[in-house]
Structure formats: C-alpha cells, structure tokens
Amino acid sequence: MNSRLTNILPFLVAGLLALFPLVESTFYMQLLTKVLIMAIFAMSLDLLVGYTGLVSFGHAAYFGLAGYAIALMAPKYETISLWWSLPAAIGVCALFALITGTLVLRTRGIYFIMVTLAFSQMLFFIFHDTKIGGGSDGIYLYAKPSMNFGDVQLLNLEKLENFYWLVLVLTVAVYLLLHRVLGSTFGRALLGIKVNEHRMRALGFPVFRYQLASFTLSGALAGMAGYLAAAQYGFVNPEILSWHQSGAVLMMVILGGMGTLYGSVIGAFAFVLLQEVLSNQAWFGPSAKHWQLAMGIFIMLVALYLPQGLAGLSQRFGRKPVAEAADE
Amino acid sequence: MHKNEKIGYDRREFLKGGTAIAGATAAGVLLPAGIARAQQAKLKIGMMLPATGTFAPLGLAITNGFKLAVAERGGKLGGREIEYFTVDDESNPAKAPENVNKLVQRDKVDVVIGTVHSGVVMGMAKVLRESGTLWINPNGGAGAMTGAMCSPNFFRTSFSNWQTTYALGKVLKAKGHKNAVFITWKYAGGEEMMQGFKEGFEKEGGKLTKELYLPFPQVEFQALLTEIASIRPDAVVAFFAGGGQVKFLKDYQAAGLKGKIPLYGSGFLTEDLEASGDAAEGVETTLHYGDGLDTKKNNAFRLAYAKAFKLQPDVYAVQGYDAGQLLAAGLDAVKGNVGNKSAMIKAMESAKIDSPRGPWTLSKSHNPVQDMYLRKVVGKENKVQGVAWKALADPALGCKA
Amino acid sequence: MDFAFFLIQLLNGLQYGLLLFLVASGLTLVFGIMGIINLAHGSFYMVGAYLAWSLSSLTGSLTAAILLAIPLTVILGMGLERLLFRHLYQRDHLYQVLLTYGLILVFEELRSLIWGDDVHGVAVPALLNASIPLTDNLSYPVYRLAISGVCLLLAAGLYFLIQKTRLGMMIRAGASNREMVQSLGIDIKLIYTLVFALGIALAAFAGMINAPLSSVFPNMGSQVLIICFVVVVIGGIGSVKGAMAASLMIGLAETFGQVLVPEVAGMIVYVLMAVVLVWRPEGLFGRG
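Residue numbers (my numbering), protein chains in the order written: chain X, 1 to 328; chain E, 1 to 401; chain F, 1 to 288.
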C-alpha cells in the first residue's frame, strides 16, 4: 500500500459505507451503526493506549456517563436538541476525564490499568445502586435527538438511515480529528512520551499536561460514542458502564492493532461482526450456542500470532504504523 | 414507586417514535418475500433466552416447556408449522435492544418469547413497544413490563416480582410474627420483592424492621447475618437467585440462625434443592408453583416433560409451557392468521390457561392472576402447604392501557 | 453497635480477607515474578471449584477430591505455560491481556460442555461440619476457621519458600534480572514454569476449599477476579506481604461497609483502591 492510497482509503471506505442504506435499510444497517459507534469508542481508547502509552481498563466510564447524561437531560415526552445535548454530554465526560485524569495519571502501568477500573466501577455502582438512572433496570430515552435549524427540521434522526449517516459522518470526523491531532506537534510529543517519558521530561516537555490533555480528549470522544449508543436504542443500563464493556473495547483496540487509528475501526468491525456470525443459529445450528469458544480461540490466536493485530496483516505488505515507527 | 414515573411515557410520543419502524415493516410486506409469507407459511417464533452463563439452565427449561406445549398440539400452533429463531441474550441488558432487534428486524418473527433477566426484559420492552411485535415473557418479573411500560402486545406467563412476596405478609402474620427483616441484593428485582412483602406485611399490621441489601452480585453474607442476629427479628425474609441462593441458605445455617429465626422467602430461594442440601430444610416460601402440586394436570405435565427431556421440570419449565399454551389460545382463535392481531390479542386476554400450576387468567395489564402457594421444604421437595393467596393480581402501577 | 457485635464483625472481616488472600496470592506471584497479567486467574479458581465438586461426588470425600485435583491443576498450569504463556514473556502486557481474555471465554465454554451450567453444592467435610456458639443466637462455622487456618499456613509457607529457600532465591533473582540468572546456568524457563504452575494451583486450591462455602456456579471466576486484582494492586505487585495486608483491609472494609454504610457498600473497595493509589501509586508494599 503506498501512502497516497492510505490517504484516500478511509474516504473510499466511508463512501462505500455511505451507500449501504440503499442496499439494506433495517437490521444490518443498524448493526453497522453500532459497529461505527464502537469504532469511535475504540479510536478514543487507541489515542490513550496506542499513542499515549496509557492503558485504560475503565473506558466504559465515559461511554456510559454520556449515555446517562443524554437519558437524564432529555425531557420525558419530547425530543432533545442534538445541538446542545451532544456538546453537553461530551463536556460532562471531558470534565469527568479531566478530574479523574489528574488523579489516575499519578500512577503507571498496571496500577494505571487498575485505578481507571476503580473509577469506572464507582460509576457503575452509583448508577446500579441508586435511583438516579432507574437503578439496575436502566432508563429509557423516548425519542432520538432532533436536529432543527430554527423551526426547520434539518435531519429526522428517527429515520434509521439518517441516524446511520450521522454516525458515519461523526466517525469520519473523529478519525480525521485524531489524525490531525496525532500528526501535530502535540501528537508527536505524545509518542515521544510513550517511548521515553524521562527523556521527554528532561527535554522540558510538560509531560503531565500532555498526558492529561490526551486523557481528557479520549474521555470526551468516548462520551460522543456513548451518547450515540444511548440515542441509537434509547435504552441505558448500568451494564454499559461495566468492566466487561471496558474489556470489550480494549479487545477491539488490541485486536485491530494498537497505534493505528484504522486498526481500531477494523477491530470494532471484527469484534462485533465475529460475534454476530459465530452466534448465528441459522448458520451454525445448535453449536452456535458455544460461540464464545470459537471467539475465545480466535482472540488467543491473534494474541499469539498477530502481534500487530489485524491491521498488522496489511502492514506485512506496507508501511509500519506511526506509533511503531516511532518506537525504533 | 417513583421509579415508574421515569419509565412511564406518553402514548402519542411513542407512536410518533414508532412510525419509522412501522413504515419500514409496511414496506417489507410489499417485497416478494412478504407475499410468499402467506397463511400456510411457517409461523416464525423468536426465542430470546440466555444460552450462556448462570441463567442458561433457566433458558433451557423455558425452551423445553414451550416445545412440550407445541408438541402436545401435534407440533403446530393454530394449524401452522413452526420455525424457531434463537438469540442468546447473554443476560446482558446493554445488548438487549440490539439482540431483540435481530428477531424483530432481521428474522421478522411473528412473536417473541423471552426472557429471564429483568434488566434484559426492560431493554426488550423498549423495542417491542415500538415495533408492536407480539411478546410473551416467560420469566423476567420486572414490574414495569406490565406496569408503566404495559402495552397491548405484551404478555407475561410468569409473575411480577411484587407478586412473589406479597402473600408472605399474610403468612407471617398467621404464624404470629410481628416484625421481620428483609434481605436481598441491591438491584431492581430485589427491591420490588422487598416492596411487595412490605406492603403485604404492613397491611396485616406487621413491621418491617430493617431492609438489608448486599451489593449485587456479591455472596459474602456473613456481615449481614451477624446483623440479623443482633436485630433478633421474629422472622427473616430473603430473596436470592442463581449462585447466591444456595450460598445464602448454607451460610444462614452455618451462622446458627437456622432453627432460631425462621426463614421465609419468595419461592426462588428454594428452587435448587439438590445443591442446597439440608440447609433449605423447613424454609417456607410463596410461589405460583410447587413441584409436588398434586393435580391431574401437573402430574401429567411432569410425566410428559420427564419423558421428553429426561429432566425434572421446574417452575421455569411451567412458565415456558404456559407461554406455549397462551400463544396457542391466541392462534387458535384466529386460525393461525397472526395478521389479525387485535382478534388474537383479544383471545389471549380472555384465555383461561389450564396450567400445571393451576388455572389462571390474565389481568388487564396482561400479567397472570394466579394462586400463590405456601410451600415448605421437606427433603428434596417444596411441599405445597396450601394456597397463601387466592388469585393474586399485580397492582400494575402506572399501566394506562 | 455493641462490643460483641463489633468483635464478631471483625472476625467476619478477617476471615473473608484471608479467603481473598488465598486467591490473590497466586495472582500477585505470577504478576510480580513473571510479569504476566493473567485475567484468566479467576477461571482457574472456577476450575478448582468444579474439580472439587465433581471429584468429591465421585469419591465421596472433599479431602480426597482436593488431593486428586491439586496434581491435575499443577499439570494444567505447566501445560498452559509451555503452550501459551511462554510466547508472551517478551511482549507487551496487552497481549497477555488479550490472550487471557480469550482464555476466559474458552474455559467458560469448556466448563459448560464438561460440567453443564447448573449450580451445585459441595458438602462440608463431616469432621469440620460444626459451629461454635458465639452468642445465644449466633455461631461461627468451624469450616471457616479451618479455611482461615489453611490460609495462614499457606501464607507462612509462601513467605518461607520465597525468602528462605534456594528456589526462592532463584525466583527472586529471576524476577529482577532474567539474563543474569540464565548466564549463571540456572534454568529460568523451568523456574517460570514452576512459578506459573504454583500460581495456578493456588487459585484452583482456593476454589476447591471455598467450594463448600460458595457453592459452584458458572461465571464464578469473574466475580473473584476483579476483587483480587484490587487486592494485588493495593498491596503492591509481587508482594505476598502486601497481598495479605490488602486482603485483610478489603475484607474489613466490605464487612463494615455493608453494616455501617449499606447505601454505598458496592463502591467501598474501589474508593479504597483509588485513595491508596493516589496516595501511594505503587501500592502499599510495591517496589515502585
């Protein structure tokens, strides 16, 4: 793959995906919507894991917090305007990430993994054990957010394909944003910190501030994904804050290939679709019940034989990912 | 319960939200595949039940029960052959809307059967209310399903959490207990059962001294058992399920409380007597079924079930079986034409189900109006002591249907 | 809260803590010495419990079941180390996370295929099936005391093994400098295999002796896993001493939390962990 192709490829893929509703406009389009939302979520985590060298095992906290934010902000019987509710939900997550970030960034390595888990578990129990968000039964969002300009409806998000296109546009936007950020001085500094924190500190970089900025941005983007996920099905349950969810998105990032944004997208596709395929009774009959066995074996094989994740498959023929190249 | 206010919602709004899906379904009918789906095509039944994890055995029992009901009708319902579509809900509420969508939108099933976990039931309710697909819930007792979220296409053949403990108040009073402690996990199901008991007990003049909650799904009961000992209530009422129920019974015994402070519960507490051993001996519970119920219907059911599946049926199997019976009642009335939904719903509403648990009918919100039995554990059996409450109906708080 | 009540709760907390220690000690060893993050640790706890159940229903004795099961789990541990984990020592922790996450799914399904999905009870050995009366209506099970005793013995044994024996010396040296140890002619691979098997056996053993108390059920491993990670991290990775201190801390915090502040009981351990880590980022007994 030459570099010009890799530059156009995301747009080609996005263009193809944009046409999907013309082919199938109900179930599989909704599945794809979900995959794209998870791709945003995974990219936000990749910013931390793959580029900043901070492994968060509590990323579901931001995802779920935004979900609860929209569900709680929305008036009971009416739609909520996307124009302010999306920024508000993202803002809540950014603020929470900023606060937790100042605390968790004191730790490193496995301790960092665990303390991020601790914060997400606290949120889980807050929503699970109190009535704020309907307790363990969860809370409903009765209508999709509205996108109006004055009195004119710009896009009716109740139409599934419109919601799909919105998510697709946001996915591309997040990809481009992160691409920009990572290509900037800031992004290069992050990579430098990932490779050798002490050296960067000695060079006078405000390491902590850079990491905190990355952590906050990551939390905010995870919040965007969580907002969309809540809006898609209109149901928020404490389970979206659980460590299983944090684990799943981490799997997507590693599976796809860390430190390559498109790897996260591939990982999200692979993770969701694989489960979809393996648990499909129509194809695998009664053995579909044991889909987790096949899933587990697949994950183990990737861990053992594909150190670059699925994205590594393509790299056998092309250039190395940015983060990897910087390691050398 | 103020929680219900949050879930209750305006009907017009819901219709507005549902139009997109309704439109999509209507469009689907125009496709060639839709035309082929004529009267004699197979009836599509979507089973959304747990196939993995702690609740997998419950999912199996429900499936078996349902299939037994179908088999008794010659493998057909309303004269139509059946095609099953199955989805493993993993007992994960976060995935519930997506999973039920597989059945509704991908497989385009005529009716959805499911599920065990209350949180998943809540997720299903959102989607099924919008799609209008016929839904029979063979277990999950979330009050809101037939309360604030109730809908004409929603049916339940099991219980509401409230029902399983309400009758206990009368039972405790009759035994002369003036105060009690309730212990359960801190989650919606546990709280609803606590609420049911509290109402029933206070109505009889009893006093619920303390509500003890354990973080879900922890099973370290020791600290709370010590607290119970220091409170010295006349009686203890408990609800735990899955791995928790057995451990609770054993810990209760090991802590020396068994035999000193009588233990009661909703029947699920003693549904696994093989694992509980003698720790469950003498515990009294209320439930809408008892293994040893000596009626002609129950004996025939138990025999047929054991023959077909080489397993002993339990309350979950009964609920699955009744889901099949209820569906049959609806389909028979419209001769298998599921398109005639309103007639079918009407027939189901007025059906009198001849269940192994005893005959029952449906309340206005489509939850069973049923006898609650008082059962006592004797050996490996929940021996039915009598009817604790005749024809108990859920109050269906917030249901405007 | 009167004094007797307080004392009994103290006992409850300590006992729960000791039980946690048993599971967590294996995790912290494998973690600290080999640098392996093993998410599947809880699965071995589950395997132990299911082995205890199936073998004790075969032999009719929990003791016999445990004696039979220990060698099995050691073999399982050695086999997995050779087949899987060995390939990941030099790689990023994240691949270990990926591998062991996959392993959880595989173990959970194998459990379902071999033993089914039902809940099972395991009988307490007759000899220990008694209770000591503490107040007029509360007594304390002997079996719990016995477990606490075993935990303490194992803790002492581990301490001795690591601090006082030649093998322990090699293990410690291997943890700090793999190449040097190898150049001294010590078979580091063998040591790693042994340590890993020991860690697995400890988790499985915890599952076995706890089976009569916890009963045996699907997904029982994941419940225990997270709390054990909390223990390991609070105590400081690789520190058996730290694991002991943290287990007791958590045992007490959960016990008194449930009684004194039931509204927030679910969060307590995580708040505790966050506070400890913000205060001492490398854990209580971590090497920094």
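Don't take each hint at face value.
Stated by the list, open to error - Quick list of in silico lysine-lysine cross-link-like pairs, DSS-like style, CA-CA up to 27 Å:
hint: 1; chain 1: E; residue 1: K258; chain 2: E; residue 2: K178
hint: 2; chain 1: E; residue 1: K390; chain 2: E; residue 2: K376
hint: 3; chain 1: E; residue 1: K198; chain 2: E; residue 2: K173
hint: 4; chain 1: X; residue 1: K76; chain 2: E; residue 2: K258
hint: 5; chain 1: X; residue 1: K289; chain 2: E; residue 2: K44
hint: 6; chain 1: X; residue 1: K131; chain 2: E; residue 2: K207
hint: 7; chain 1: X; residue 1: K289; chain 2: E; residue 2: K175
hint: 8; chain 1: E; residue 1: K376; chain 2: E; residue 2: K108
Calculated from the structure, these hints are not laboratory results.
### Task
Below or equal to 27 Å on CA atoms is what counts here, so check K258 of chain E against K178 of chain E.
At roughly 19 Å apart (the allowed maximum being 27 Å), K178 of chain E and K258 of chain E satisfy the hint.
### Query
Under the criterion that the straight-line Cα-Cα distance not exceed 27 Å, is the pair K289 of chain X, K44 of chain E satisfied?
At roughly 20 Å apart (the allowed maximum being 27 Å), K44 of chain E and K289 of chain X satisfy the hint.
### Task
Take the C-alpha atoms of K198 of chain E and K173 of chain E, compute the straight-line distance between them, and say whether it is at most 27 Å.
It holds: about 12 Å lies between the C-alpha atoms, which stays within 27 Å.
### Message
For K131 of chain X and K207 of chain E, compute the direct alpha-carbon distance and say whether it is at most 27 Å.
### Response
holds, 24 Å
### Message
Checking one constraint from the list: CA of K376 of chain E to CA of K108 of chain E, max 27 Å. Satisfied?
### Response
violated, 44 Å
### Query
Keeping to a limit of 27 Å between CA atoms, is the pair of K289 of chain X and K175 of chain E held or broken?
Given pair K289 of chain X, K175 of chain E is violated - Cα atoms ~47 Å apart, limit 27 Å.
### Message
Run the distance test for K390 of chain E versus K376 of chain E: straight-line Cα separation, threshold 27 Å.
### Response
Given that 27 Å is the threshold and the Cα spacing comes to 18 Å, the pair holds.
#### Entry: Given pair status - K258 of chain E, K76 of chain X, alpha carbons within 27 Å
Roughly 48 Å between the alpha carbons, so the hint for K76 of chain X and K258 of chain E is violated.
Checked against the numbered hints given earlier, the structure breaks hints 4, 7 and 8 and satisfies all the rest.
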